[in-house]
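Student: For reference, the chains in residue letters:
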Amino acid sequence: MSTLLKLKKINLQYKTGKENISVLKNIDLNIQKKETVSVVGESGSGKTSLIMLIGGLEIPTSGKIFFQDQEITNLKEDEISEIRKKNIGIIFQSFYLIPNYTAVENVALTLELNNFKNPEKEAKHLLDRFGLKNRFNNLPSQLSGGEQQRVAIARAIAMKPELILADEPTGNLDTENSIMIVNILFKYVKEEGSSLIMVTHDPKLADKAKRKIKIKDGKIK
Amino acid sequence: MEKLNNSSEFGLIFKYALKDLSRNYHKISSIVITLFISLFILSAIFTIEDSLKKELNDNAKALLGGDLEIDYNRNQGNLDLVNKVKEFTIVSQMIEFSTMLSTTGREKNKSLFTRIKTVDEKYPLYGNVVYEPEGAYERMQKESNTILINESLSKTLNIKINEQVKVQDQNFIVIGIIKSVPDVSGFVAFGDWALAGKQTLEILKLNEIGSFLNYEYKVKFNEGDNPEEIEQRIENIFKDDQKVKLRYPENSASGIKRVINNFSQFLSLVSISAMLIAGIGIANTLLSFINQNNMSIAVRKAVGFFSGNIKRLYYLQLFILLFIITVVAYGSSFLIVPIADKYLSDGLGLNVYPLFSFLNFFKIFLVGLLVLVIFSIPTISSIDQVKASNLFRNVFQNLQFYYSKRSVVISFFLLSILILLFTIGSEQPSYSLGYFAAFFVCLIVFFLLSKLIIFFLKKFKSSPIISLKVSIKNITQTKSITPITVMSLGLGVTLLLTLALVGTNFQREIAKSIPDIAPDYFFVGIQKGEKNKFEQGILNMDPNANIEIVPMVSSGIVQINGVDPNTYIKPDNDSYWVIGSERRSSWVENPPEDNPILEGEWWDLSKPDQLQISLDAKVAKDFNIQLGDIFTLNVYGREIKGEVINFREVDYRDLSINFAMLFNPQFAKNIPHEYLATTKFNLNKFDEIEMLEIMPSLSMIKIADYLTKVTAVLNKVFIAVTLISAVTIVIGLIVISSAIMVQGKVKEYQNLVFKILGFSKKQIVFSSLIEFIIIFKSVILISIFFAVIGSKFIIENIFELVWMFDFKVLIYLGFSIGFVTLILIMLTNLKYLNPKVYPLIRNQ
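So the sequence lines, in the order shown, correspond to chains A and B. According to my numbering, the residues represented by the first sequence are 1 to 221, in order. According to my numbering, the residues represented by the second sequence are 222 to 1065, in order.
These aren't lab readings, by the way, just hints derived from the structure by calculation. Cβ coordinates follow ideal geometry from the N, Cα and C atoms, glycine included. Hints should not be assumed to be uniformly reliable.
[To be verified] DEER-style ranges, computed between Cβ atoms:
#, chain 1, residue 1, chain 2, residue 2, range
1, B, Ser528, A, Ser62, 25 to 33 Å
2, A, Lys133, B, Lys998, 53 to 61 Å
3, A, Asn74, B, Ile665, 51 to 59 Å
4, A, Lys76, B, Ser528, 54 to 62 Å
5, B, Ser528, A, Ser2, 27 to 35 Å
6, A, Asp128, B, Ser528, 54 to 62 Å
7, B, Ser1037, A, Asp128, 30 to 38 Å
8, A, Tyr14, B, Arg244, 21 to 29 Å
9, A, His201, B, Leu1002, 54 to 62 Å
[Stated by the list, open to error] Cβ-to-Cβ under 7 Å is the rule here; a few derived chain B residues that face chain A:
#, residue
10, Met516
11, Val520
12, Ile675
13, Ser981
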């Protein structure tokens, strides 16, 4: 397997008033193509920050990130957006669906952004695949948590990205829905050959990934 | 709203209200600014208006010049009757007239058409004449051929004290400069005038018509006398004298009062606009504020706060804020009183002083409270939509204005009180009422427009441009805030455009050059036997001069169709002047070219022995005169009946010879008359002084000088209008930006998701831009329509100027306002365009 993602000596600091908080310290990490990785650790250990850095949503204080051998830490915001748009799908614990868009519209948005010919048709196909056939035209507020997360997953994978970043995707869900979401996610990754980095607190879920990384006090243990 | 349960509950709400206010005041800064500006305008208007009215009422006797005025107009009247009044009162006689005043002994002498008031030693009965140097006024009373001139005349002709001037064929020494006289109501407020002793009349040759002579007797009652009884006695003395007009202090300064009333009306409309538009801004900002706080509202509900108490918490914060702002705004309004005082004392000779009035303070607070409550009801009611369950579902809920049946009824009730407050207090209640109606019509039209935009855009679904698609989706989405944006933007832009159009029309009036057909000079006081002498004098100086000379006779309308003309019109009507005093009329063979006949026929030559009248169509309309109506005219003491046979369109603004009434020459030529002439010169050789040597009693009015004075007045009004408009425009801009703020939270969230999905900043900005263009393009067309109507109404009805449609100006204004609004919207949007991911992901 070739390397999809490389993090070299990554540091991330936040400034709170006069105080500097080191969130991530000297992180070195390689992720291979088609690899599934779970990231575990206590609250505040820096898991979500790591995901945000990989997704290009934050800029590290120091260090370099390479995605498909291209350094993304020195790119402009729009250039990172372009990479994210085509290659990275992100799933959040809080779903982050657009409240005034229907389920189909939320999924179709990514496809439209990438100039798909029939975005709505493709979005419906994806939602159907995730058991949401009867929820096409519902707004997020009319969906259950599990349904919202399935829409969010559909949106994240719509472009068949090389890398899926999932930040506690089952954190807001009950056991039944959690199992369903995890199965969908891992099944998709297996079928499509994407890489997955998943932050989770759930040891069972973490064990589903091929590799498990533990973060403590901003460092990989 | 639910009732408070007990005092401890109120204490709790009060405590949290103060806490929230102290921590969130910066988030509602635009509410503070809008409320302050609108209440400041209102306070300033109330304070100045009150002070001005008090000044007019307190000085009503001084402004009239006595407890009563006996006005005989052009002749000295029945002296026997006046002498009877003198037996039990003090009577001061004064005669005003207009004539030429010229400099003498200079290489190039100058002359000016001047109003001269001759007064006796009893003048003034009330108030003081302010002049310099000391003793000059007393000298003027005792020494003949002495005169006091006002500051304007002194500046215009550059006359110094002790300089010799010429009035007709008499030389006068200017022995002083007058700063002010108490009875400004009898004077032209902005003109050139002089005071002279009563002996002056005897040495000048004044004719009745051309000198605009006016005989007045000012009466002061003896101390201890009952004014009502004395007034009754005087009325009885003059009851059979039809030529006299008795005036009382309450009728004093009617001209000034009218100017003030008109301006007050404009200010009143501006303050209503400011308040109502501020209300929309407040509603928007408050909705945005509540949206930002909907998580904390949900948490409060989750821990057991009643929805009603949370609403009360917000109302209480607004109430505290309003009270503080009202105090500051009302207090600050006193700071502009000195500016207004300078402006008014220079222009009208009136002084205003800052006066605290609890009633005014209460009225301002009440207006503020009503506006605040009316516009915050739908916003604060939206708190009911926030559900504690949202906390469990991770759903971001963008709140909407919410109307329950009860809140609609309360809003209507409060709105009615607000309308009543403004309507009852205004000079023209119908204008205020009409304004409110127009405002709500605008609001409804913009609401319908938003629905129309949504309807059409929903049909336009497929677009290859993602930014366009997102824009359309934003506009058309369920629970879209497009109606709020369109209404706020629409009213804001309409306000900006209306005030800009009022301003440009003012500017045009100020910058307007003399009309092409306007003559260079008006000449009055040409006696019957001097017609040829006048023409020859002009032609000797300029053989190609274009002279128009018409006969002129003075007459008063005694009756219309056998009844008192006062029953046909109210004194505050624009056309009341026609019966207010004697009017000059003329006669011509053929219809004047610039006075087309709108109704009826020209003279009926078969009836040469009957007086036929051609009447100004506007006057006819205002008096409700029909063709065939009979006017009884008093012409030199003789009553003559005449039939109105046609209506003419008279445009007094072309500055050519225009008369409200024209007579048929076959009948009128035998009436004793003099002539009025206008002249347009081809050569620049006309010399006023030389002309005065030929005809010393001739009066000349140079049109350019007249227009300069009109321009000076307009300029002052324009400055005031611009200042007030500029302040109101700030409110308009805040409202526009508040419309964006309403969707701030949802925009920020949406843009965050877009950013995560890979939208570029350019695409996000572009979609905002398209959204603005779609909405603004629709709004501007309707706004232009309303602004054109609004500005036309203000210019024509309130300022009584000519409104003109200027397409270029409109396009220019449309683009300018579009550009300013776009910049404003983009600046407001800027903070939402590139949201920081970390705080949002972390639910901060």
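Student: Hint by hint, say whether it matches the structure.
Tutor: To see whether the hints hold, each was checked on the structure:
| no. | hint | in the structure |
| --- | --- | --- |
| 1 | B:Ser528 to A:Ser62: 25 to 33 Å | violated, 50 Å |
| 2 | A:Lys133 to B:Lys998: 53 to 61 Å | violated, 40 Å |
| 3 | A:Asn74 to B:Ile665: 51 to 59 Å | holds, 55 Å |
| 4 | A:Lys76 to B:Ser528: 54 to 62 Å | violated, 47 Å |
| 5 | B:Ser528 to A:Ser2: 27 to 35 Å | violated, 59 Å |
| 6 | A:Asp128 to B:Ser528: 54 to 62 Å | violated, 40 Å |
| 7 | B:Ser1037 to A:Asp128: 30 to 38 Å | violated, 52 Å |
| 8 | A:Tyr14 to B:Arg244: 21 to 29 Å | holds, 23 Å |
| 9 | A:His201 to B:Leu1002: 54 to 62 Å | holds, 57 Å |
| 10 | Met516 | violated, 12 Å |
| 11 | Val520 | violated, 16 Å |
| 12 | Ile675 | violated, 13 Å |
| 13 | Ser981 | holds, 4 Å |
Comparing the model with each numbered hint stated earlier shows that hints 1, 2, 4, 5, 6, 7, 10, 11 and 12 do not hold.
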